[in-house]
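Engineer: Sequence:
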Amino acid sequence: MSEEKGNYTGSCLCGQVQYQVSEFLPVIAHCHCTMCQKFHGAAFSTFAEVEKEHLHWLSGQEHLTSYRAENGSIRQFCNCCGASMAFISRYNEEASTVEIAIATLDSGAPLTPDAHIFTRSQVPWITLCDDLPRFSGFRTPIPADEDHS
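Residue numbers (our numbering): 20 to 168.
Everything labelled a hint here was simulated from the structure, so no lab data went into it.
Bear in mind that the values here come from a model prediction, so they are computed numbers and not experimental data.
Among the hints, erroneous ones may be present.
[Claimed, not checked] Distance windows between CB atoms, simulated:
# : residue 1 : residue 2 : range
1 : D150      : C99       : 23 to 33 Å
2 : D149      : E81       : 33 to 43 Å
3 : D150      : G34       : 34 to 44 Å
Glycine residues also receive a C-beta, built at the ideal position from the N, C-alpha and C atoms.
Could you put together the complete structure from these sequences and hints?
Structural biologist: Below, the structure written as C-alpha coordinates:
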(Lines of atoms letter the chains of each structure in order from A and count residues from 1; the text may use other names and numbers.)
(Lines give C-alpha, C1' and ligand atoms only; values in the text may rest on other atoms or scores of the structure.)
Protein backbone atom coordinates (compact mmCIF):
# COMPACT_ATOMS: atom_id res chain seq x y z
CA MET A 1 0.00 0.00 0.00
CA SER A 2 1.23 3.49 -0.76
CA GLU A 3 0.83 6.45 1.55
CA GLU A 4 -2.82 7.54 1.68
CA LYS A 5 -3.44 11.29 1.53
CA GLY A 6 -6.66 13.16 2.21
CA ASN A 7 -8.50 14.65 5.12
CA TYR A 8 -9.81 11.79 7.21
CA THR A 9 -11.62 12.51 10.45
CA GLY A 10 -12.10 10.36 13.48
CA SER A 11 -13.54 10.57 16.97
CA CYS A 12 -14.04 8.72 20.20
CA LEU A 13 -17.29 6.97 21.11
CA CYS A 14 -18.86 10.03 22.79
CA GLY A 15 -17.55 12.49 20.19
CA GLN A 16 -15.68 14.68 22.67
CA VAL A 17 -12.28 13.92 21.11
CA GLN A 18 -12.05 14.56 17.38
CA TYR A 19 -9.07 14.42 15.07
CA GLN A 20 -8.05 14.72 11.45
CA VAL A 21 -5.32 12.85 9.59
CA SER A 22 -3.99 14.26 6.34
CA GLU A 23 -1.69 11.34 5.48
CA PHE A 24 -1.30 7.75 6.66
CA LEU A 25 1.94 5.81 6.39
CA PRO A 26 1.72 2.39 4.73
CA VAL A 27 2.07 0.58 8.07
CA ILE A 28 -1.23 -0.89 9.27
CA ALA A 29 -1.24 -3.94 11.48
CA HIS A 30 -3.49 -6.13 13.56
CA CYS A 31 -1.68 -6.30 16.90
CA HIS A 32 -2.23 -9.38 19.05
CA CYS A 33 -0.06 -8.33 22.02
CA THR A 34 -1.52 -8.79 25.47
CA MET A 35 -1.43 -5.04 26.12
CA CYS A 36 -3.66 -4.40 23.09
CA GLN A 37 -5.95 -7.24 24.15
CA LYS A 38 -6.35 -5.77 27.63
CA PHE A 39 -6.60 -2.14 26.49
CA HIS A 40 -9.23 -2.84 23.84
CA GLY A 41 -10.96 -5.77 25.52
CA ALA A 42 -10.66 -7.64 22.24
CA ALA A 43 -8.64 -10.36 20.53
CA PHE A 44 -6.48 -7.75 18.76
CA SER A 45 -6.36 -4.09 17.79
CA THR A 46 -5.75 -2.47 14.43
CA PHE A 47 -3.54 0.60 14.20
CA ALA A 48 -2.33 2.80 11.35
CA GLU A 49 0.92 4.72 11.66
CA VAL A 50 0.84 8.50 11.12
CA GLU A 51 3.62 11.08 11.23
CA LYS A 52 2.83 13.46 14.08
CA GLU A 53 2.77 16.43 11.70
CA HIS A 54 -0.15 14.80 9.83
CA LEU A 55 -2.31 14.27 12.93
CA HIS A 56 -4.37 17.24 14.10
CA TRP A 57 -6.55 17.10 17.19
CA LEU A 58 -9.65 19.11 16.26
CA SER A 59 -11.37 19.14 19.64
CA GLY A 60 -11.35 17.53 23.04
CA GLN A 61 -7.60 17.17 23.45
CA GLU A 62 -8.14 18.01 27.12
CA HIS A 63 -10.12 14.75 27.36
CA LEU A 64 -7.19 12.65 26.15
CA THR A 65 -5.65 10.74 29.03
CA SER A 66 -2.36 8.93 28.70
CA TYR A 67 -1.37 5.67 30.33
CA ARG A 68 2.35 4.85 30.32
CA ALA A 69 3.04 1.13 30.58
CA GLU A 70 6.09 -0.42 32.25
CA ASN A 71 7.78 -0.77 28.85
CA GLY A 72 7.46 2.98 28.22
CA SER A 73 4.70 2.81 25.63
CA ILE A 74 1.91 5.36 25.90
CA ARG A 75 -1.74 4.59 25.26
CA GLN A 76 -4.14 7.50 24.86
CA PHE A 77 -7.86 7.26 25.49
CA CYS A 78 -10.85 9.54 26.00
CA ASN A 79 -11.43 10.11 29.70
CA CYS A 80 -15.17 10.62 29.08
CA CYS A 81 -16.07 7.39 27.25
CA GLY A 82 -12.86 5.33 27.53
CA ALA A 83 -12.37 4.89 23.78
CA SER A 84 -8.84 3.90 22.76
CA MET A 85 -7.47 6.57 20.45
CA ALA A 86 -3.71 6.27 19.98
CA PHE A 87 -0.58 4.34 20.85
CA ILE A 88 2.99 5.63 21.04
CA SER A 89 5.90 3.23 21.58
CA ARG A 90 9.50 4.31 22.11
CA TYR A 91 10.01 3.44 18.45
CA ASN A 92 7.21 5.86 17.53
CA GLU A 93 8.72 8.57 19.73
CA GLU A 94 12.07 8.25 17.95
CA ALA A 95 10.38 8.21 14.54
CA SER A 96 7.99 11.10 15.40
CA THR A 97 4.99 8.93 14.62
CA VAL A 98 1.83 7.90 16.41
CA GLU A 99 -0.43 4.92 15.81
CA ILE A 100 -4.13 5.67 15.46
CA ALA A 101 -6.79 3.07 16.27
CA ILE A 102 -8.41 2.94 12.84
CA ALA A 103 -11.78 1.83 14.19
CA THR A 104 -12.12 5.42 15.45
CA LEU A 105 -12.23 6.79 11.90
CA ASP A 106 -15.61 8.34 11.11
CA SER A 107 -15.60 7.38 7.45
CA GLY A 108 -13.83 4.84 5.34
CA ALA A 109 -10.27 5.81 4.68
CA PRO A 110 -8.72 3.53 2.05
CA LEU A 111 -6.72 1.59 4.63
CA THR A 112 -5.94 -2.10 4.45
CA PRO A 113 -4.05 -3.90 7.21
CA ASP A 114 -0.88 -5.51 5.89
CA ALA A 115 0.25 -7.77 8.76
CA HIS A 116 -0.51 -9.50 12.02
CA ILE A 117 2.05 -8.69 14.73
CA PHE A 118 2.69 -10.27 18.13
CA THR A 119 0.96 -13.47 17.08
CA ARG A 120 2.87 -15.25 19.85
CA SER A 121 0.22 -13.70 22.13
CA GLN A 122 -2.74 -14.54 19.89
CA VAL A 123 -5.76 -15.73 21.87
CA PRO A 124 -6.60 -19.40 21.31
CA TRP A 125 -10.26 -18.75 20.53
CA ILE A 126 -9.69 -16.92 17.24
CA THR A 127 -8.57 -18.30 13.89
CA LEU A 128 -6.85 -16.03 11.39
CA CYS A 129 -8.29 -16.72 7.96
CA ASP A 130 -6.39 -14.23 5.81
CA ASP A 131 -3.09 -14.42 3.96
CA LEU A 132 -1.44 -11.46 5.69
CA PRO A 133 2.14 -11.94 6.88
CA ARG A 134 2.39 -12.94 10.53
CA PHE A 135 5.12 -11.92 12.94
CA SER A 136 5.63 -13.36 16.40
CA GLY A 137 6.69 -9.88 17.62
CA PHE A 138 7.44 -6.56 15.96
CA ARG A 139 8.15 -6.43 12.25
CA THR A 140 10.22 -3.28 12.67
CA PRO A 141 13.66 -3.33 14.31
CA ILE A 142 13.32 -1.81 17.77
CA PRO A 143 15.41 -1.91 20.92
CA ALA A 144 15.60 -5.44 22.33
CA ASP A 145 14.63 -4.24 25.80
CA GLU A 146 11.18 -3.09 24.66
CA ASP A 147 8.77 -5.94 25.24
CA HIS A 148 5.34 -5.09 23.87
CA SER A 149 3.40 -8.19 24.82
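Engineer: Please go over all the hints and tell whether each is borne out by the structure.
Structural biologist: Now the hints, each set against the structure:
1. Taking 23 to 33 Å as the suggested C-beta distance range, the pair D150 and C99 does not conform, at roughly 39 Å.
2. D149 and E81 have their C-beta atoms about 39 Å apart, which keeps the hinted 33 to 43 Å range intact.
3. D150 and G34 have their C-beta atoms about 36 Å apart, which keeps the hinted 34 to 44 Å range intact.
Hint compliance for this structure: hint 1 is the single one not met.
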